[in-house]
Amino acid sequence: MPRLARCPLPAPSTVAWLFVALLTVSAPAVAQHLLIPMDDAQQNHLKAYGLTFAALKTGSKAEWFLNYRGGSFLLIDEPALRRKAALDGVTIEPIDDGAVAQVRREIAAGNMDAVTLEKAPKIAIYSPPKSPPWDDAVTLALKYAGIEYTQIWDDEVLKTDIAKFDWIHLFHEDFTGQLNKLYLGFRDAPWFIEERDRDLGTAQRNGYANIPALKKAVAERLHNFVQRGGFLFAMCNATESLELAMASQNVDISGPFSDGTPMDPDADSKMDWTQTFAFQNAHLEMSSGVNALSDIDGHQVNVPARRQPLGQFTLFNFSAKFDPVASMLVQNHRNVIPDYYGVTTSFARSVLKPGVTVLANEEGTPWAKYIHGDYGKGSWTYLGGHDPEDPQHNIGAPPTDLALHANSPGYRLILNNVLFPAAKKKPLKT
Amino acid sequence: MTVRAARLLRRLSCAICWLTLSGAALGAQAQNQLFQRALDLENASRYREAVAAWRSVIASGATAQGILGLERVFTQLGQEDSVLPPLDSALALHPADRALRGAQLRLLRSMGRESEARTAFDIWRRILSRDVAPYHDYASQLLQEGHTAAADTVLQQATTALGSVQGLTIEIAQLRAALGLWGQAAIAWREAMAAELYIESAAIYSLMPAPVAARDSVRGVLAKLPMSAPRKRTLGALELGWGAPRNAWRVLSTLTVADSAYDSWNEFAQDAERAGAWLVARDAFVAMHKQRPNASIALRAAQASINGGDAAAALPLLASAREMLQPFAIRTQVLPLQLRALSQLGRGAEAEALLATSADVEAGARKSYARLVAWAWIRGGEIERARAALAGANGDDEDEVTAWLALYDGNLAKARPGLRRPVEITAEAVTVMTFLGRTQADSSRTAGRAFLALVRGDSAQASADLERAADELPDAAPFLLALAARVHVARHQDPAAIVLWERIVTHFAAAPEAAESDLEWARALIRAKNNSGAIERLEHLLLTYPQSALLPQARRELETLRTRAAEQ
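Protein sequence lines, in the order shown, are assigned to chains C and S. Position 192 of the first sequence, counted from 1, bears residue number 192 in the working numbering, the numbering being contiguous throughout. Position 138 of the second sequence, counted from 1, bears residue number 138 in the working numbering, the numbering being contiguous throughout.
Be careful, since some hints might not be right.
Using 16 Å as the maximum straight-line C-alpha spacing, the simulated EDC-like pairs for lysine to aspartate or glutamate come out as follows [unchecked claim]:
1) S/LYS529 x S/GLU557
2) C/LYS353 x C/ASP272
3) C/LYS61 x C/GLU118
4) C/LYS84 x S/GLU539
5) C/LYS84 x S/GLU536
6) S/LYS367 x S/GLU352
7) S/LYS224 x S/GLU191
8) C/LYS122 x C/GLU148
9) C/LYS143 x S/GLU559
10) S/LYS414 x S/GLU400
11) C/LYS119 x C/GLU148
12) C/LYS130 x C/GLU156
13) C/LYS84 x S/GLU559
14) C/LYS130 x S/GLU400
15) C/LYS61 x C/GLU78
16) C/LYS57 x C/GLU156
17) C/LYS119 x C/ASP166
18) C/LYS143 x S/GLU352
Calculated from the structure, these hints are not laboratory results.
Please construct the entire structure, taking both the sequences and the accompanying hints into account.
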């Protein structure tokens, strides 16, 4: 130890030197845990989720301190995690057992709870093999945070066992098979033609007559995935269109441009809402010339005469001890978050099924932003809008660079959902 | 009717007519007086009295003026809602009055009564079904407050109702910009500029926030031929604001006399000077000088040229100015610039001759000019001639030129006082100040030789001497090695630089240059397509120097490398 040898201390005895040396060597081992603060002390909130995921991936357990410092994580102190944190710029606070005990006392005394995270969830993202001209917020978030996932698309959903995944996220797909009605404005765009031809090919390969039929079959498989215990997370138009596809298994709700036949004029009355997770009694948009699917979306961004301005939404504060699931989903260092558009931006409260938990809404408006519920043995979460850091998100806009939004409260909501299945084994009270 | 009766009737008609006319004149005069009084009270902040006065204006028949006055005064009093009753009465009498309708919309919105504002807007557009004003007013207000989606809806309604968007081009342009549709916004502004005058500032303000990725589309639209003068000026201002002054000048230089080019160039040159874009400013001044030869413009052009490091181009400009000026102005304005230019060019002999032939230069000025001559010799590598030029000019130890000469001699102790506060904070001065601060040594001929080689532009000699000096001066070794590495990089000799960075990181890990060395080493490896090596260096930096200010940059570059590696 050359540094000690040069230290200008009075010459100590050999025993004393050994004692000093022992203290020096053992100093880093004093901390047995790493607290990952998720309040404003955190430099990189999004990568903090990646760090926790990495800890779970190694087989290590973690704890999620709900409502404690913005929903902090407690990890076992390991050199590999410290290294990853330093490389990723994630703020960590090494603490010992005594400090952890103090934190636990604080948690016990307030509206907080500690949830054990047991294993890294197996994640799949339902997105096309070749990305369209705009991006997907969940893919961006997972890539940035360094969370592994498997990409699946229609063939995988229809032909493989998707039950092997704990969590499936749905890309902003239109499960009614109408390609988000982009036909109205982009029918000659090369990317649109490519997308349409790709889906037609998949339909023919799997024995379906057209894209709406293919997508309904995919929707049914996703429905079954949740019913049998899977976790489903959807954003943007995937939320609304999945529900419509599940409710319309026996009725034609697609415009003539997508399947060659007009919509069933009585489609509204023939919808089977018992098959849906979140919505009921919604009214379909009967005009194929209007760029909306139904009245589920409160903002109707693509229908100028109906479009509502963006405001900000507020996350509900749940009881961590009695509602741990809802609490997990809203952990954040901000309660009020600026809203952002998507093909489906929000969910009209008038069409929500009883029992749906509203996680966030905009005060004074008739819509909710973020909802969750159970179905069969599984559960689902819907978040309206497309990209929390790109409020308008126009087609052709450059992709969001998350390195510039490392503390994004909106993206945290997405990542809360990724870690939520890790707490699967804990008895959930909701 | 008798003749008499007819005459009487004619007289009576004339009298009534006269009475009416004189009454109207008197009424207008009284109205003006009432208006002036209300305005005076308002300007004097006597708002309570102004309210009564504006009511009198309304009563006199100038309804719109009175209501607008009440709107201003009640806004000052924080009682906007008090305007609504008189406004409602006025609207009942003049339902199609644009000023009153506009005031109603403005008031309701300022009070947050959005649904009532919406209703007021609907009534207005129903009353004036072919008028653009309601759409114009409402959309403008919504855009100013950032309600882009709502503004879009209003403009869509205008298109449907009016059949065109004529009269709303500015709002449409602003809307598209607010929605981030930059290319389309530029198209709308281009059309608006073709239709209306004096909207360049609005276009510049609207398009300036376009992100880097979208700027080319804006450029493409605005540069579409034939380019009008307003479009050229708009694109020029945008380019300057976007940090591309050279592009700006490329556009503006095509303005002609008919486009009032001189004024535009003058404005641009001053903006470019403020932005430190010296050479572009110089080009603009030169263009002005060509159009209207003027000594002061030539001098500004020369000054900008010297500041921008192009001293050679300054000399003909100064010669041109010299021809137009009197001896006194030549002595006080042209000579110092000529000497600066020659000094910068290292043309010591010419500088010396110029100073020698300049008569009537006062002693103090001659002393400071002697320093410029000395600098010219130093830059030419003629240290002895520089010393001779300074003879009689360097009176004290704190003289900067003396300090530089001492440095080149390797006399660090003598160099320190003079370089403590250099007149001009150049990159060279900062480097030398840092070096003198890092070493305790009083002399080092090798270091002096190295800095002299740098000033002469002999980079090969400089890097070799800097490395040798690092061996002689251990306390400044990492600094000198890092400097040598920078010289190697400038000569495109990355492998030689890597050897030095490795030495710094290995042997001087606690030095301030260590983190920088890691980062530069990684960048050299990226240039050599050795991404895995670069990742290793960046990780080393992030893990070893967690407090370094370079961390965000290193993390960003690591992220980019990893993404690239994952994609391959």
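These are the hints, each one checked on the structure:
1. For the hint pairing S/LYS529 with S/GLU557, the CA-to-CA distance comes to about 14 Å; that is within 16 Å, so the pair holds.
2. A C-alpha spacing of about 13 Å is found between C/LYS353 and C/ASP272, which places the hinted pair at or below 16 Å, so the restraint holds.
3. For the proposed pair C/LYS61 and C/GLU118, the alpha carbon gap of about 5 Å is at most 16 Å, so the pair holds.
4. With a C-alpha separation of about 10 Å, the suggested pair C/LYS84 and S/GLU539 falls inside the 16 Å cut-off, and the hint holds.
5. With a CA separation close to 13 Å, the supplied pair C/LYS84 and S/GLU536 stays within the 16 Å bound.
6. For the hint pairing S/LYS367 with S/GLU352, the CA-to-CA distance comes to about 12 Å; that is within 16 Å, so the pair holds.
7. With a C-alpha separation of about 12 Å, the suggested pairing of S/LYS224 with S/GLU191 holds against the 16 Å cut-off.
8. For the suggested pair C/LYS122 and C/GLU148, the alpha carbons sit about 8 Å apart, so the restraint of at most 16 Å is met.
9. At roughly 11 Å between alpha-carbon atoms, C/LYS143 and S/GLU559 fall within 16 Å of each other, so this suggested pair holds.
10. Only pairs whose Cα atoms come within 16 Å are accepted, and S/LYS414 paired with S/GLU400 is accepted, the gap being roughly 11 Å.
11. Simply put, C/LYS119 and C/GLU148 have alpha-carbon atoms about 13 Å apart, close enough for the 16 Å limit, and the pair holds.
12. Pair hint C/LYS130 plus C/GLU156 holds up; C-alpha atoms about 15 Å apart against a cutoff of 16 Å.
13. A threshold of 16 Å between alpha carbons decides the hint, and for C/LYS84 with S/GLU559 the separation of about 13 Å falls inside it, so the pair holds.
14. Of the supplied pair hints, the one linking C/LYS130 and S/GLU400 is violated, its CA atoms being roughly 65 Å apart against a limit of 16 Å.
15. Taken as a hint, the C/LYS61 and C/GLU78 pair is honoured in the structure, with Cα atoms around 12 Å apart against an allowance of 16 Å.
16. Restraint check for C/LYS57 and C/GLU156: the C-alpha separation of about 24 Å exceeds 16 Å, so the hint is violated.
17. For the given pair, C/LYS119 sits about 11 Å from C/ASP166 by alpha-carbon distance, which is consistent with the 16 Å threshold.
18. For the given pair, C/LYS143 sits about 66 Å from S/GLU352 by alpha-carbon distance, which is inconsistent with the 16 Å threshold.
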